[in-house]
Structures are given as C-alpha cells and as structure tokens.
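Here's the letter readout for the chains.
Protein chains: 2
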Amino acid sequence: MSEYRGYEGNSLEFLKNNQVVVGDSVKILSDITYSGIIMPRYEHSDDKHIVLKLKSGYNVGLEIAKIKNIEKIQSSEKNVDEPEKISKIEGLPKVLLLSTGGTIASKVDYRTGAVTPVLTAEELNSSVPELSKIANIDAEVLLSEYSENIMPENWLEIAKKISSYSNSDYSGIIIAHGTDTMHYTSSFLSFALAGFPIPIVLVGSQRSSDRASSDAALNLIGAAKFITESKTKGVYIVMHNDENDNTVACHIGTRVRKNHTSKRGAFQTVGDVPAFVIAEDKIQKNISKEFYKTQEFQPKINLDTKIALVKYYPGYDPKLIENIIDGGYKGIIFEGTGLGHVGRVMYDSVKKANEKGILLGMTSQCIDGRVRMTVYESGRDLLNLGIIPLEDMLPEVALVKAMWAFGNTQNIEDVKEIMLDNIASEMSI
Amino acid sequence: MSEYRGYEGNSLEFLKNNQVVVGDSVKILSDITYSGIIMPRYEHSDDKHIVLKLKSGYNVGLEIAKIKNIEKIQSSEKNVDEPEKISKIEGLPKVLLLSTGGTIASKVDYRTGAVTPVLTAEELNSSVPELSKIANIDAEVLLSEYSENIMPENWLEIAKKISSYSNSDYSGIIIAHGTDTMHYTSSFLSFALAGFPIPIVLVGSQRSSDRASSDAALNLIGAAKFITESKTKGVYIVMHNDENDNTVACHIGTRVRKNHTSKRGAFQTVGDVPAFVIAEDKIQKNISKEFYKTQEFQPKINLDTKIALVKYYPGYDPKLIENIIDGGYKGIIFEGTGLGHVGRVMYDSVKKANEKGILLGMTSQCIDGRVRMTVYESGRDLLNLGIIPLEDMLPEVALVKAMWAFGNTQNIEDVKEIMLDNIASEMSI
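These protein sequence lines map, in sequence, to chains A and B.
All letters in the first sequence, in the order written, are residues 8 to 436 by our numbering.
All letters in the second sequence, in the order written, are residues 8 to 436 by our numbering.
Here chain A stands alone, though its shape is the one from the complex (with noise of 0.2 Å):
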C-alpha cells in the first residue's frame, strides 16, 4: 500500500518535501498546533489539504497553504500498540470471548486508511479494563470479516466452535461480530444451537473502539454483565439501547434488527421492548414471559443455501421468480406488501413453483406486524396457491429458518411444519 494513499499533486509534493508519510504521529503550526497522525486520503480528493487524525479520535483536514512548519514525533511504523496482559480474579465467573472481527474487532489502519478488522480477541478483552472485574475472560479469533462477508459457511463455524463449549466451565459465550449482518448470524446460532446450556451473547459496534464516539467498551461490559447476572439461556444481541452511554438493549436474538445504518443504538427488538435492559449497571428483565423454551440441547448444525428472500414491489418481473425455480431452488421467503400480498402478476409463476415443491413462505416489507392472508381476496388466493404466512416473523429470520430446515431435512412437509414451529422465540404469540 503507498506510503501516501490518495494524496495527489501539491498535497503530495508537501508530504515528499517534509519527508513524512502516511502513518507518522506529526505536530503540526498552522493557525493553531496540532498534533495527531497523517491520514490516507479518498480517491477524487483535493489536492489543497492534507488529514490528521487528532487524539480525539475525530480528523481534521488542515490547508497546506496555511502550515508554517510540521515536525515528525514518531514514524508510522512505531504506531502500534501492544496489547497489556490481564490479570484474572480468582472466583469471578468465566466468560469466552469469540472475535469473528467487525467493527468491534477494528482499528484505523493508518497505513491505508481502512477502518480493518485487526485487533485479536485478546486486544479487545485489554483494551477494556473494566471487563477483567465483571469475569475471567478467555479470547479467542475464529475469523477477521466484516459482516458483510460473513457467509452462512461462517454460521457453521462459529455454531461449531460454540457447540464444542456446551460441558466446558464458562458462564455464557461472547461473539464480537461485525453489525451489517449480526442479526442473520445470531437468527442461525438461535436455531442450531436451540437449548444450548449457557447464553450466547454476540456483541458488536458501531464505531471503532480507537475512536472518540466509540460503542464498544460499553457494549462488551453489556454483554458481559448480562451474562453473568440474567440467569437466562439462548441468543442475544447487546448493543447500545440509544444514543446515551448509559442503557444497553439485550435483544433475542431472532426478533432483533440493525435499523439504522449509523447511530450507536441501531439495534432494536421489533414490535417489542428488548428483553432485557442494562442501566446504569443495573440488568431488568422487562418482558414476563419465558423468551426460550426448555429444550434439551441437541446441536443441529446444517444448512441449505438454495433459499431466495424476494422483495415484492410494483413492476416485479415474475420471470426473475422463473429463474429461481430454474436455478433449483428450494424455498422462496416473500417479502410481500401490507399484511403479505403479492400482485396478481406473479400468480403463475408462484403456482408454477409451488407445483414444483418449492417452498413457498411470507413475511411482510412492512417489517413490524404479522402477516395476514385471510382479510383480502389476494391474500387468500395466495393462500390457495399454496404460501405459508409466516406469522410475524422477520423476513431475514424466515430466511435463515428456511435455509436451516432444509439443512435438517430435505422433506418438505416436515420443513413447512419446522417453519410454523417456534423453535427461538422468532414468532411472537
């Protein structure tokens, strides 16, 4: 990676001149002193200014016209931290913590700019100190993904490595993951691993941890706390329950989604208050009733991917729904309109793979409320074409459902019949 990414013409001809680079910790007179390291700059950027990163963890672009002088402190390649060794209390109850990567597992790279997934599990567990008081924390890195590029291959792997703790010692488990697609990962860990002894806890953030604004101290001391004082079992997602440093949200895991694609309290339960509350270092259990089922734990870690979510909007070639059935599909999770309806358009071609054996499921693009195909005369006749309402469920969650029926089996009477059953809580009743 250049040594001056994006920096192009006289902002380029500056750094040269000034023998510094990328990376390098500076102090810098301009109006006032800065101090802070040089950033990489965006492709089209101009060529006038040049990026510090300041202590604060927030950048400044600074004119090169206006800089009197600049002064190396330290040159990029000392800019890494060492990770401090924890110390364990004896008694404290012990907690593993996974790291896939993610934001959470992040830190600008100042060499190319990228905020990337580089902290090890370890380095997240030191860099809160606060965590080593709550329990005994073992880390451990499983991958290094944003969670864009965490795979349903992924779900297998980190359900495995999981599964493999059911008799071990820990209190609950702790998933640092990325936030894109935390909610499709903790919906496959919710069904594979349905009555698994301990909570699994799958954190993440949504500003890297060297950054000012950052969530991910106080998301990962949620996850911990709500392991070791909820005296519950199954999947949740601990993330910041607002904007405000104090609350964190516990959501179940198959009723929770990423509904902003910035602010720190992004996650929320659907149609509901999250399960339980972290505030000011208080837990509260916020819904009466049991969220999981007592079930013995029998670890059924499988899957199909052949299974298409198609969003339903005005203008829907239904032959995009012919190519499905053609690429072999064995299940189509409808993202219909209103409380689950499709146009009459689609009608043949949802025969068509309903006479094929696909299955045919619908969840709602409204995403709060439940479906319902009994009041208007297109939901029924969808209903004799063969769909199955999916209650309320979540359209990604349907998704992911499906996938993992069909991993278990490949008859699609006993998965139609696994759809309807709330095996994690993913219907509300």
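Be careful, since some hints might not be right.
One copy or two, it doesn't matter: identical chains are merged, so the pair holds either way.
Unchecked claim - Straight-line distance between alpha carbons at most 20 Å, and here's what the computed EDC-like set of lysine to aspartate or glutamate pairs gives:
#1 Lys359 / Asp388
#2 Lys270 / Glu398
#3 Lys313 / Glu329
#4 Lys140 / Glu287
#5 Lys270 / Glu129
#6 Lys326 / Glu160
#7 Lys60 / Glu384
#8 Lys326 / Asp311
#9 Lys337 / Glu137
#10 Lys337 / Glu160
#11 Lys240 / Asp176
#12 Lys75 / Asp145
#13 Lys168 / Asp333
#14 Lys140 / Glu303
#15 Lys270 / Glu137
#16 Lys73 / Glu164
It is worth saying that the hints were derived from the structure and are not from the lab.
For chain A, the structure is supplied; the task is to place chain B on it using the hints.
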C-alpha cells in the same frame, strides 16, 4: 359465489334447515341475543360455528349447538346501501377526489366475504358527511384495485389524470389508494409531477369504512383539511399518526414508508417527524425547511420498469445478478447492509453489470440512516466497481426514481445525474 361459502357439515346443514344464507341479516338467540349479518367462512374452518358480523363491525363466532332460535330480518339481496346525495356549499374551496380502490374505497362483500374495492368515489365522499363542510368535493373513480395490484402502468394513468387538472380551479387533489404500495405511487407522482401547482394527497385506510375501527373518515377529513389549510405544494401521504383517533400525519411523498402491517398509524416519515400534523382540527408545520424546491411544472410522465431492487443477504447467490444482467435490465438498486455493503462474493457480478452499462445504486436495508461507502474497505471497493451511493434515499423510492429516470432518458450518465439531484425531497441534507 356460493350462498353458503365456507360452510360444511353441521353448520351447512344448520343454515339450510333454517333457510338462511350468507349475507342475510338475522337475529339469533343463544346465551344472549345477537343481531348481525351471516358471514362466509374461510377454507378449513370447523363445522360447529356460524360467523356473524355485528353492527359494531366486529365478527363473532356462534356455536350452533347453543343457538335456540334464528330469525331472518332481511335477505342478502337487500343488504346494499344507496349513497346519499351531497349538497355543495357556495364559497368553499373545490377539491377533486380520485379513487383508485384500496381498503378506503372498500366494504365487506357479504356474499363473498372478501373486503373488496366496491365503494365509488361518490359513495366514499357521502360516507363522510364532515367533508362537505370543508370543501366542495367532486368525485371520480379512476381504478378499483387493491394497491398490491397497482402496477407502474397505473402510476402513469394516475399521473396523466392529475396532470390534466393542472389548470383547474381545484385547491388540491385527493387520491384514495390502497396502503400496501401507496408509498411507491406517491414517489412516482412526486417525480413525474414535480412542481405541480396544487397539493396532491394520497389517502388510504387500514380498516374498511364499514368497520367500527375504520380510519377512513379521519384520514379523508385530514386530507381535505391539509389541502385547504396547509398552503403548500407537493405530494403527500395523509394517514393516522398513531393508534389514536385525534392526530393525522402528513408525510412527504418520498420520505414515507408503511412500517406496520395493520396499525392505523402504519405510515411513518423515515428519520424525521412528519412534515405536518393535524391535531384537534389544527394544522401544524413541523419542519421549518421548504420541502419542495420551486420549479416550473413540466410533467415528465414516463417510466421504464427494467430496474431491479436487490436485497443482499448472506448466502445471496450472485448468479441471480447474472440473470438480471441477461434479462436486459438497465439498473439495479441494491438494498445493501449497514452503510451500504454487499459481500465480496458479489464483486465479479457487480463489475460485470457495470461494464454492461447498467446503473448501480446503493441504499440500505437498515431503512433509517444514510449510506456512506468511504468508511470501510468494502464500501470503497464497491465505489470503485461503479456503485453510486444514494445518500438516505429509501430503497423503494430509489427504485421508482430509477424507473422514472430511465423513462425520460436512455443516457446512463444523465440518469446518474438525475439519481443524485434532489427533485422531490427524496434525500435529506
């Protein structure tokens, strides 16, 4: 349609023995006395009950074993209301009400059990007597379709009809429309009729007009008040603000989404408060900014449906993108994860699509928030592959905008420019 639709075995025999059919008004003596209309039943119902629609609008199932007497009050043929004639008051503003169908223009058809779009615009008008005190309303039926069957061709039809009134003496135009795809239609009208001299208001209802809990009246009154009092232009959706019967929200037509399958307050302005709220008869403007830029009205009523909306998920098979490319599509709007990502597995297909000159736009399945593709490696990779980040445009709106843009020009560079030009407040700044 059968006179006994859905009734089988004992319950069918019961109806026959008592010489009553579906649609008859009856008085039934059981534990107490019930008056109502015999409703049809759905497939696979039991044969121990008959279903009665009470005057309150609610249905009740009565066990036939407990029925002591049943008396026919009026036969099904006579259960049809005649609309009243509306008198007009001189000096009131004129408003045009166009009906396209949907629940708002529906009632339960007692012979088929379906909620079907059978109310004419005139009946709709006369069913809400308060309207005549706000405006003199002319009513016209344009279509009778539930909105899952409103197709892009219908958008053109609606837009052309509206456009023909650009020099009329109406103060505004109300479109009665099904709620399922109302926000797709409002988006199209926002682009095709940008600059239209009078407000265009889409209004629907979540519960049909003959139900006690119907929201039709409040929403219609709200739409009429909005037109006569808001002093604004543009395209809006006017619907219940929440579950209460005293507040109506007026949403900008490109910033709104149906976010609940059944609630009366299902529509929400994404990421902001509604532009206007009508509470206790008073209209209040919530946002100080101007929503629609001043522009000359020059109708651009064209579209091209060769655009696909693709929601990415783990396990998405890029071959589906190849199908879209081979299908001659002109654009793909991605619903990526988080800030606007898709997995690495998609890169080759995305690259190929870009090389074929297909428009590639990025939105987020988070719904709320803004795509930002310069933060992470994957976002930057996708930018380099030619994907255009579409700010905080909603996926559905981006889809409709791309259809509309390609309807007006086949030049991809022009389309790219149009996609990022804020034409009808579809992006917030």
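Find the hints from earlier in the document that the structure breaks and name them by number, from lowest to highest.
5, 9, 12, 13, 14, 15 and 16
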